Structures are given as structure tokens and as C-alpha cells.
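Please put together the full structure from these sequences, using the hints given.
Chains as they are written, first to last, in this note's numbering: chain D, 576 to 904; chain F, 576 to 904.
Hints are computed from structural coordinates only; laboratory data are not their basis.
Since no wrong hints were added, every one of them can be taken at face value.
Simulated pairs of lysine-lysine, DSSO-like, Cα-Cα distance not exceeding 30 Å: (1) D:Lys577 / F:Lys799; (2) D:Lys577 / F:Lys577; (3) F:Lys850 / D:Lys577; (4) D:Lys816 / F:Lys577; (5) F:Lys816 / F:Lys754; (6) D:Lys577 / F:Lys816; (7) F:Lys577 / D:Lys799; (8) F:Lys577 / D:Lys850; (9) D:Lys799 / D:Lys816.
Since we're looking at a predicted model, the values are computed, not measured.
2 protein chains.
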Amino acid sequence: MKKLINHVDDVLAESLDGFAAAHGDIVSLGEERLFVRRRTTQPGKVALISGGGSGHEPLHAGFVGRGMLDAACPGHVFTSPTPNQMLAAAEAVETGAGVLFIVKNYSGDMMNFQLAADMLDRDHATVIVNDDVAVENSTYTTGRRGVAGTLIVEKIVGAAAERGDNLAALKTLGETVNKATASMGVALTSCTVPAAGQPTFQLGEDEMEMGVGIHGEPGRRRVKLTGADDIAAELTGAILKDLSPRRGQEVILLVNGFGGTPVLELYVMVHAVRKLLADAGVNVMRYLTGAYVTSLDMAGCSVTVTAVDGNTLTLWDAPVHTAALRWGM
Amino acid sequence: MKKLINHVDDVLAESLDGFAAAHGDIVSLGEERLFVRRRTTQPGKVALISGGGSGHEPLHAGFVGRGMLDAACPGHVFTSPTPNQMLAAAEAVETGAGVLFIVKNYSGDMMNFQLAADMLDRDHATVIVNDDVAVENSTYTTGRRGVAGTLIVEKIVGAAAERGDNLAALKTLGETVNKATASMGVALTSCTVPAAGQPTFQLGEDEMEMGVGIHGEPGRRRVKLTGADDIAAELTGAILKDLSPRRGQEVILLVNGFGGTPVLELYVMVHAVRKLLADAGVNVMRYLTGAYVTSLDMAGCSVTVTAVDGNTLTLWDAPVHTAALRWGM
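In C-alpha cells form, the structure reads like this:
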């Protein structure tokens, strides 16, 4: 295992300390590093809280800040944060309008966020993200997994919270955006969890895992490596089958690197996917390209498409100021 | 070789097409993809043009836009662009105030930018970036290599061009920022050039290349893999030896991923480097962390420190709107 780390047990703490120092104008760390919070909260705004296992950076801490999340709870690598973390985060950033939890659909996260919600003595609601169309049920889930589409839900709901939407409206909006979002990924290599010290799974030199999960979970099938156009066709085909967009549908396209994928290749995928979407009569209004929801050092990418309307597109375009997404301010 | 590509010969063209589509609000492609240019130029502003081999994305095309470059010329992977490209770019974006070429110190780039400058019938000047303190002379250079510090030169000079500084002033500023900038990198794995189909160099499972270049050129020495703190100490030590900052010196710190490095690890490095800088009495005013000057899929990182004053820090903070760096608008 080759990693820029000191001791395996200290990776998360040191990384969080570096993150908090580098982005001290936006975030601060909660006590005992239980959560990353927005430096300043806004009274009367619904507090948005997400979280999950680490190893997917910049998700979620990189999306804490004005126009997006109020706090993120980082678990150990690929491990759910504890209810204690979510409760501490909620009590720190809730300002009277309630808490919306945004949770990726993994059994550990679902259970722990539920426990935290049960203990929380404030108004709260939960949006579950399950955008991955690769498989029903999986290693760590009942039902579909939540993957890169999570950031789109967090951005759009974050903007609505910022403009003053109430808790019920935000929950409805989050569920609407989740339903309008579909993703699927492919791995060319495995990731390596620091504490494990070896690759999570084995892939032959000429193989790829089609439909891989963001923890290296199995996807639909293991197949021979093909070209970018063929890969794009399978990912985009599955997404379009799920979303069934009408001709002329406006969408956001996210081509997401898993951590070990060169930017040069991500734009090759953008080129391939946009041709397919154009052929399907789908109109890409906004692009986002980069490593946003990663699997440590895994090579590969995912494609996410979100169908938008005037309201959700305006919310996507609204100003945001986080470590990983920033525009309009 | 596992890459998200179609045919090796089409990688650059397809990636540029994807890039131009994704960032059509900021850039457009020149004819025959000779250059990436800012969609709108500003009459009377000095035109800033950079470029170099591809494989370092988002450098340089990702830094084209308001507040930074006017055009970037992409060569094939790790290969200089041609004088023809630079000349075409200059003629497309020059608006009467002259052209400043920003060139990384590699023999091929130096020769081709010089040939273009000789042919150009407009006022022009050149700033050479050679921030890599790892080695004097190298595989492709006479003198020090230009690496990640290039983006800091491009950002600061870009902001000064935007406020209306003239060609001579921008050349002086660029040279000043270059002198105030020092970088050094480490590789944990090799990169793989698509056309080569195999890793550029071989590293043992317990080895790293200390002082590596951004094309996988040899650095100072090949050593046993150590922890992040030890790596940070060697990189930061070499940088501080070169810059000799006074106590209280204000700096920008860039921790740059080479393309295959998880964000989690980059922030571990931020944490390690900032402690060392604090111990040296150096005051980090701004942080930038991410994969900005890459070597395809190489795992590893570089550290860059730029000493700033009130003027250069203000220029760093000035609004910028490019594909890869965006703030203030």
C-alpha cells in the first residue's frame, strides 16, 4: 500500500485538521472532530446536515458552506458516522427552523441517522438519496445505493434552504431531485482502504467492474475493458432507461472521477456522454466535471444525470461557497 | 494500460471537445483545436498566453478565463505545442496591448514559444517559470523545471492584466512571483502515457521518487516510502532553503495532487506542511489544495510555497472565472 499518510489510525484526524486549516474562512471543526460545520450559521434557516464514511472526499465536508450544507459528519473510511456525531452536529447548527438530514442509502448510515433523529429534540426530516441505477440491493444496502447524485441533491436543497424554504418544502424538494437523478459508475482499478492495506477487490489487467459502488462493491458484471464510447453507452443507457426523459428534457450532467482518474480522461467521457444525450434529445444545461464523490484512489468514473426544471436549475445556479464547489461569490 | 479513452490518437481531440462543451460559457476552441481561448476578450488588456504538453490538466486550459489566461495551447501528451499554435492563439486574442507568454522551463516549450515570439508582429514579452527546486537541469530542461507554481504566476499576473497593468509591468511582476515561488514533488507511482501504453518508470512497492518531475522525470533520489510527515519535511525543507523566508513572511501554500492521489491524503499533507511552515515562522495566508498540475494518473503530490506581499496577495484574491479556479464571481 502506497499512501501519503502517517499512521493508519491518524489518517482521518490529520486530514480533517488539514481541511479545517485550509478552509478556515468557511468551516470549523466540532469538538473531538465529531463534525465539520459552517463557520457562521444563519438564524431561521433550516439546517442541512449530511455525512457518511470518509474516503469519498470532497463529499461531504467539502460541501459545507454558504448555499449548501451546514454540517457534515465524517465516519472512518467507508464506515458510517455514529448517531452521537449527527446529534452533536444538529445541536450545534440548528437555529430554530429545524434540521434536514440528507442520507445516502446505506444500511449503516440509515440506521445511525435514524437513531440520531429519534434522539433529536428539534423539528427534523430526512431525505434519502438512492441515485445509483446499477443494482437493486447491494453489499451494504437494501434498495439502491446513494452515490454522486448526492451532491446535486445537497446543492439544490442547500440553495432552497438559503432562500428560506421551510423544512417540509425542503424535504419534498430533496425527494423530487433524488427521483430526477440517476447515476452509474465503472471501476478500472480497485481502491485500497488504509486500514486494510490491500486492494478491496481484484481486477484483471483487461477487466473493469461495470456498475461498481463507491466502496468498491460489486456492480452489474465484470467485463473486458472497452473504449470510452462503449463505456459511456452502457452507463448512459442505464441512466436514460431509469429516467425516461422526454425529448427536450433539460438536465445537469455530472461526470465524476473516483479519485485515481486523470482529468484528461474525464473530459473524454464528457464528450462521449454528451453525444449520447444529444442523440436521446436530452438538453444538457449545466456540466460538472471532476473528482467530487470519490472512492479513495479508485480509477474509473461515474455519470450522473439530473432532470431539471426552471426552479431546480435556478437553485443549481444560485451562489455557493464551499471548499469544493464555489460560484457566484 | 487501463484508461477511459477510445483510440490513443484521439484522446486529446476528444478531451478538448468535452472540455469546450462543458465550459462553453468561459472558453471556445480555436480552429483545428490549435488553442483554447477565452470566449470574450477585453480590448486594451494585455493578452496572457500559456501552454505546454497535455497530461497536466487542468493546467493550462483550465485556467483560461476572466482574471487569468486569454489562451492556452495544448500539445500532445507531454509534448510541446508548436509555434504555429502559439502564433494562432496570439493573433486570435491580442487586442492592441501586446502579448505576454508564460512558459514553463522545458527545452521544447522554450524553443517553440521563442520561435512563435520571433514570428509575432505584435508587442510581446515572455515570463519563464522555473519553480521546481528538486534538481538543476533535468531530462527535458536546462536549469530548473517549471511545475505547479506556474498556476500561481498565471493567477497573479492574470489579475494584474485584468486591472490594466501594461506589458512591461506584467513581465516584471511575473518574474517577481516566479522568484518568490518554490516547489518540489514526490511520486508514489509512475504515470502511464497513453501512446506508450506502459508506465514511464518503475518503482518498487516500497519506493518513492523524491523530487520527481511532472512528466515522471527522475528527481533527487529514489528512497524507501516513508510517512507523510517525513515526506513533508523533505519537500518543505528544500523549499524553505531555496526561498529563505524571513520570520513572519506571508505565503500562499499549494498542495497539489498529481492525478492519482486521494483528496483525503492531500489534506494529510496540508496538515503536515503547515506545522513545518509554522515552525519556520512562516505565515500561511491562503491555501489551495487539489489536483491542479497533474501528471496523468501519477500518485503523489507536490508542495508549492509563494512568498507574497500586500500587492500580490490582493491579486491572488481578485475575482477569477475559469474551469478550474473560480472565486469572486
